[in-house]
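**Q** Residue numbers (this note's numbering), protein chains in the order written: chain A, 1 to 266; chain B, 1001 to 1266; chain C, 2001 to 2299; chain D, 3001 to 3299.
Rather than coming from a laboratory, the hints here were simulated on the basis of the structure.
Any given hint could turn out to be false.
[Claimed, not checked] Below, simulated DSSO-like cross-link-like pairs (lysine-lysine); rule was C-alpha separation at most 30 Å, straight line:
(1) A:LYS66 - D:LYS3174
(2) D:LYS3265 - B:LYS1066
(3) D:LYS3152 - B:LYS1055
(4) D:LYS3152 - D:LYS3174
(5) B:LYS1055 - B:LYS1066
(6) A:LYS99 - A:LYS163
(7) D:LYS3299 - C:LYS2174
Predicted model only: the values in this text are computed from it and were never measured.
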Amino acid sequence: MGYTRARVAEVLDLAPSVKMYILELSRPFGSQPGQYVMVWLPGVGEFPVSVAGEKGGALRLVVARKGRATGYMHERVAEGGYVFVRGPLGRGFRLDARKALLVGGGYGAAPLLYLAERLSGAGATVHAVLGFRSREHALLVEDFRRVAGEVWVATEDGSEGFKGTAVDLFERVFPGGGYDAVYTCGKELMMEKVVRRAVEAGVRVQASLERIIKCGVGVCGACALEPLGLRVCSDGPVFDGETLLSLEDFGRYWRDHSGRRVPLPP
Amino acid sequence: MGYTRARVAEVLDLAPSVKMYILELSRPFGSQPGQYVMVWLPGVGEFPVSVAGEKGGALRLVVARKGRATGYMHERVAEGGYVFVRGPLGRGFRLDARKALLVGGGYGAAPLLYLAERLSGAGATVHAVLGFRSREHALLVEDFRRVAGEVWVATEDGSEGFKGTAVDLFERVFPGGGYDAVYTCGKELMMEKVVRRAVEAGVRVQASLERIIKCGVGVCGACALEPLGLRVCSDGPVFDGETLLSLEDFGRYWRDHSGRRVPLPP
Amino acid sequence: MVELSVEVAGLRLRNPVVVASGVLGVSVGLMKRAEDAGAGAVTSKTVTLNPREGYPNPVVYELDYGLVNSMGLPNPGAEEMGRILREARRVLGIPVIASIGASTPDEALRIAEALEGFDALELNASCPHVKGLGADLMSDPDAVYGIVSALKSSGYRVFLKLSPHGDYLAVARKAYSAGVDGFTAINTAKAMVIDVYARKPVLGGVVGGLSGRAIHPIAVRVVYELHREFPEVPVIGTGGVEGWVEAVELILAGASAVGVGTALKRGFEVIGEILGGIERYLRDEGFPSVESIVGLAHK
Amino acid sequence: MVELSVEVAGLRLRNPVVVASGVLGVSVGLMKRAEDAGAGAVTSKTVTLNPREGYPNPVVYELDYGLVNSMGLPNPGAEEMGRILREARRVLGIPVIASIGASTPDEALRIAEALEGFDALELNASCPHVKGLGADLMSDPDAVYGIVSALKSSGYRVFLKLSPHGDYLAVARKAYSAGVDGFTAINTAKAMVIDVYARKPVLGGVVGGLSGRAIHPIAVRVVYELHREFPEVPVIGTGGVEGWVEAVELILAGASAVGVGTALKRGFEVIGEILGGIERYLRDEGFPSVESIVGLAHK
């Protein structure tokens, strides 16, 4: 599987250090919500990005600036430019919810938007809790409002919506909400709390994990989770709550580029 | 395409130095009359053999003893033994005749028998002229009688049927026979005369050529015919009469193992 | 029933399928999954004395008939890998082979001492080699001799992993005279991929290693040559083992066990498929054991 | 329109597709078919001083992703090949490259003199080499130096065909200092096939050469390295060119022309498909000519 060259049809500033790219694909990827692609900038680098939407020949990617390659993308890849994409990779979310609560933090909202569109298109009721640092950092809220029945926003400084974290807000709306599925994507410490809470309540929960992805196809072990040896790149990035809670790594460790397990950054 | 191991179900002595092997195939080859297979005897060698019949899981091959590998096969490969086969290879006879005359010399009768079966099965009228050195060397005559309307046999010493060559006999039965197709296989000097006569008469004729086959798949050039660069192994072994008559090599030259063109052996 | 277990350089394996170096990374969990899937032994990612981050992405390119990778030997270094391998040996029942990358005898010994938890060492002779100006050990048979000798003197069981490049038989001869216990053959073939639209080499490391189906016939050749020259030295035949046919081919060429790497891209179930196929083959062809067919193609 | 013609070591080719050594055998008719199918040049089968019958059958084994052959350089020798090549030049409008196999300068000169009818020589460095006990010239850079020097002194245009084995860059350096006009890279990779039911090596020559798709990433690597070190020396990039993508990849790596061999198994139409693809690529990507993209992956 080689790369597909994709023209950048549109670039949108979503928030400080977060942009959305709409790519024109020469062939449909047939991606599912929760899957990701690897974006290669020749001569610069390659990084994984969760799919935020695919419709017709257009792929929507939300890219947060984090290192050299994403920085280059933000600064140098404009409308009309090209990037190279391989995928879709990994396993996405199960789509069999009837009433779903989506809990997103920061740019973790992106794959959940694609999920919301699909669930809602399949007739499910979709509610979303989205947490951001501040109003300035809020993103995709209007897009969620178009497809979700309820969209609740939390900001840490209270500059928009509920003042507090996504977890705080989740704790308010989840009990008694009658949800049969919870989906979450965002900071791992946030997801860990959401997952634990949902599992305690007996509600099926899935979370999308982020790790350093090298090969993307399950052959290098760089993203393995202990002690089960699950590979985020190919067994995931989406895992169910019970599995996650049985891992030592979830909410605690990740691996650096050398493969060493180090404590999760806060 | 690897080899298929085939069990030898039956070995029949057809004539001095000519045996028929019936092989059990684990998968049908789907061979067509005029196509050939390569028979590999591990540790010994490999040689081409025209298919003399394929039905169900059984492949019929007529092997004339000519060198080390065919000699080994005659002496050491018995019923219950195994050989390794790849194919079918090459292009076979066109099967659209309505009234066909088949002209075979020696073990060249073998692929014509398969052809006779197929033509006759398709409703065509099939007549055969078969030439041999003597009654002792006659082969497959009874098999031909089962599928052909007329079977005429010639022997050089007159020990069976017509006294003379296959060409002599062909000259007698061909004119006024109303044939719309002639097929021939045998010594090249015989075929050359049959082809020339049929072409002169405006009757479509096809002949199956024999050359040293190395690769069998058209990549080594060992069996190329000049000046058209036709490869017996993959463009043939069956060619139509006009094509053959436009070749310098037909009836005159073949290539030795080094690729050098040398006069055809008589 | 047929006997699948094999003895390789004094190591008894329950079956001949060894997970090759690289694919299991530095994860005890992945090693355990390989064991659960049926593997006879597992090999660690190549350990260097100090941690290495490896090359920047892209690090792999998938072909229909193989994989080109330029991981660049990422690993957390000998000290951390020692902890991981000791944990692996606590958790696993099958032998653990530690792949190491070293340029000098001293470096190799220091890595081996730091690791401690392993049943055999596998010296990766394609490891970047400082003395040779970035070339690998395959172009320096004397360096290989020195490292193997040092490891043998210290009592380790040592396999040498050969690449198909350079004069691998000369390297093997040197290792043999140094008392090597076995060979692993082959490592990947140096290769490169250029994207015609990007007009750039794809891999961050520019040159990568070709593995998978494409290199299988090359592996068969190297294993056959090794077995012909060193019939008493066991070989772990590695390269393009996608199914049982390729595994049996390598065993007939002279391998006592087979390495599986790239094929695991299709899932750990591949191990069971290969084992099932080997077992069926032995039974159907009337052989009592894997060991009874080792090197038969030379007969 | 885009310009497909290329200049390679002073030879003007109407397009960059060169039929590689081996596939056209010793047949003028096949060379003509290649020309009619669109080829830019043709290469003869390797000619040795004396006739060679080659290895006994089987001589090829087809894989899904390539071909393993052990033809064993069958050819009718220099004298007969001289007649054939002179006829070829009379019949063909495109350049004819004569592949030769020789162990010594004297032998090479005698072959070249006997041949006479060619536009360039291609020294096959993987030809069996007597001095080196059956090894090939790839392991003897000095011998290559001697042969190339002698041919250059006699005024011939000389390409050196490198195999991916041994220290091919060292061999290339020697050839460069001897004034070689160009490189052809790569020859096949040494490989072997064992039939698991026959339990024997399939090929009559036991070891064969792997060609086709499987070796393409290896060819790209070698061509890239050659162009990096000898940017002014043209390379005919050969190995796994099954379609235009592989051809363009080799040109971007630094090839001035591309060799096509194994792909012709699918028919001579492959030449037209490759040319059509190259032309479309150049037009769609906005390049004026083949020459404008040679080595672009290095930029």
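**Q** Does LYS3174 of chain D lie within 30 Å of LYS66 of chain A when you go C-alpha to C-alpha?
**A** violated, 48 Å
**Q** With a cut-off of 30 Å on the C-alpha distance, tell me whether LYS1055 of chain B and LYS1066 of chain B pass.
**A** holds, 27 Å
**Q** Holds or violated: LYS3152 of chain D with LYS3174 of chain D, Cα cutoff 30 Å?
**A** holds, 13 Å
**Q** Does LYS163 of chain A sit within 30 Å of LYS99 of chain A, going by the straight-line distance between their CA atoms?
**A** holds, 25 Å
**Q** CA of LYS3152 of chain D to CA of LYS1055 of chain B, is that 30 Å or under?
**A** Judged against 30 Å, a Cα distance of about 61 Å means the pair is violated.
**Q** Has the given pair, LYS3299 of chain D with LYS2174 of chain C, been kept, meaning a C-alpha gap of at most 30 Å?
**A** Violated. LYS3299 of chain D to LYS2174 of chain C sits at ~41 Å, over the 30 Å cutoff.
**Q** For the pair supplied as a hint, LYS3265 of chain D and LYS1066 of chain B, is the alpha-carbon distance within the 30 Å limit?
**A** With Cα atoms ~29 Å apart, LYS3265 of chain D and LYS1066 of chain B stay inside 30 Å; holds.
When held up to the earlier numbered hints, the structure conflicts with 1, 3 and 7 and fits the remainder.
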